[in-house]
Amino acid sequence: MKTTKRFSRIFAACLCASLLLVTCTEFLEESIDDGKVELLSPGADAETNVYAIDFLWEPLDHALQYRLQVAAPSFDSAPIFYADTTVDKPRFSISLQPGQYQWRVKALNGSSATAYTTHTFTIHEAALGTQIVLLDTPPDNFLTSRNRVDFGWQRIFSAQNYRLQVDTNGFTDETDILMDRVVDGEAFGFDVTEEAQYQWRVRAENDTAQSRWSAVRRFTYDLTPPNPPTLTVPVNNAQVSRPVTLQWSGDNNVASYRLYVYKSDSTLYNAEFPKRLETTTTVFEEGTRGERILWRVRATDRAGNESGYSAWRSFVILR
30 MKTTKRFSRI
40 FAACLCASLL
50 LVTCTEFLEE
60 SIDDGKVELL
70 SPGADAETNV
80 YAIDFLWEPL
90 DHALQYRLQV
100 AAPSFDSAPI
110 FYADTTVDKP
120 RFSISLQPGQ
130 YQWRVKALNG
140 SSATAYTTHT
150 FTIHEAALGT
160 QIVLLDTPPD
170 NFLTSRNRVD
180 FGWQRIFSAQ
190 NYRLQVDTNG
200 FTDETDILMD
210 RVVDGEAFGF
220 DVTEEAQYQW
230 RVRAENDTAQ
240 SRWSAVRRFT
250 YDLTPPNPPT
260 LTVPVNNAQV
270 SRPVTLQWSG
280 DNNVASYRLY
290 VYKSDSTLYN
300 AEFPKRLETT
310 TTVFEEGTRG
320 ERILWRVRAT
330 DRAGNESGYS
340 AWRSFVILR
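For the sequence shown, our numbering begins at 30 and goes up steadily by one.
Because the hints were derived from the structure by calculation, they are not lab data. Just so you know, these numbers come straight off a predicted model, no measurement behind them. All C-beta atoms, glycine included, are put in the ideal place defined by N, C-alpha and C. Among the hints, erroneous ones may be present.
Between beta-carbon pairs, the in silico distance windows are [as the list claims (entries may be wrong)]:
no.	residue 1	residue 2	range
1	Asp113	Ser70	18 to 24 Å
2	Leu207	Thr253	16 to 22 Å
3	Gly158	Thr261	27 to 33 Å
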């Protein structure tokens, strides 16, 4: 009997140690201190006459982010920094003027980082007609319920102004475009009047030439709210034990929900509510035996429109 108990204790201790080891292993982060970022483009000592530069590098295992810097003429000789940013993906685009540059990247995670890898490249002056404008904001497929959209793009060397076009028909008819405007700077605020999907593009111009059109981006002006959520679990007036799973359904274009939980006198249960959620289920762990709880939900879509409230439901805590 004693041998059996001793074996049980040893087995339990080994099991706990194994579980602890597995748990710790799951939270250990792989060091990347000895890693190296492989730069792809621009290559070492590259020369180009394109002002819009796409910086590309190989992703590094266990890296979470990358720090990129661009300087002229080099990092060692009183540099002027044109970029110093942290990005999640192994690419970054910027429009630069003719000159000599260096760029470098290092990989980061929560506890370690590689050294920088550096390349030098040169941009030669070229005709404006061979260049393209890089768009900044808003991102492609932007959704909004605001009636003003702020466009932004990057400056191009030798441009005096920029032509901004906005359309709802994909620029298929050059004689019938919703808006065609010359802008002095690199930004413009557009007032939207009707719900629709819009397209926009920009090109640079001077007295003698014009650049190629930028890529076309889209945005949607949406004022239509989503349908109110439908509460599903628990059923109305159910008697339930804690913790209580609350569940509902909603439209596909919903970005988030607000959960309202009330005491029986219809006052919010505590300062936690209304609670913002991105899922259609949550767990309610409050309440005392015999207490009646009321709840309802409303939704917000990706454009920022808010639905009406769902129907009310209530439940009673058994224990």
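- Hints violated by the structure (listed by number, smallest first): 3
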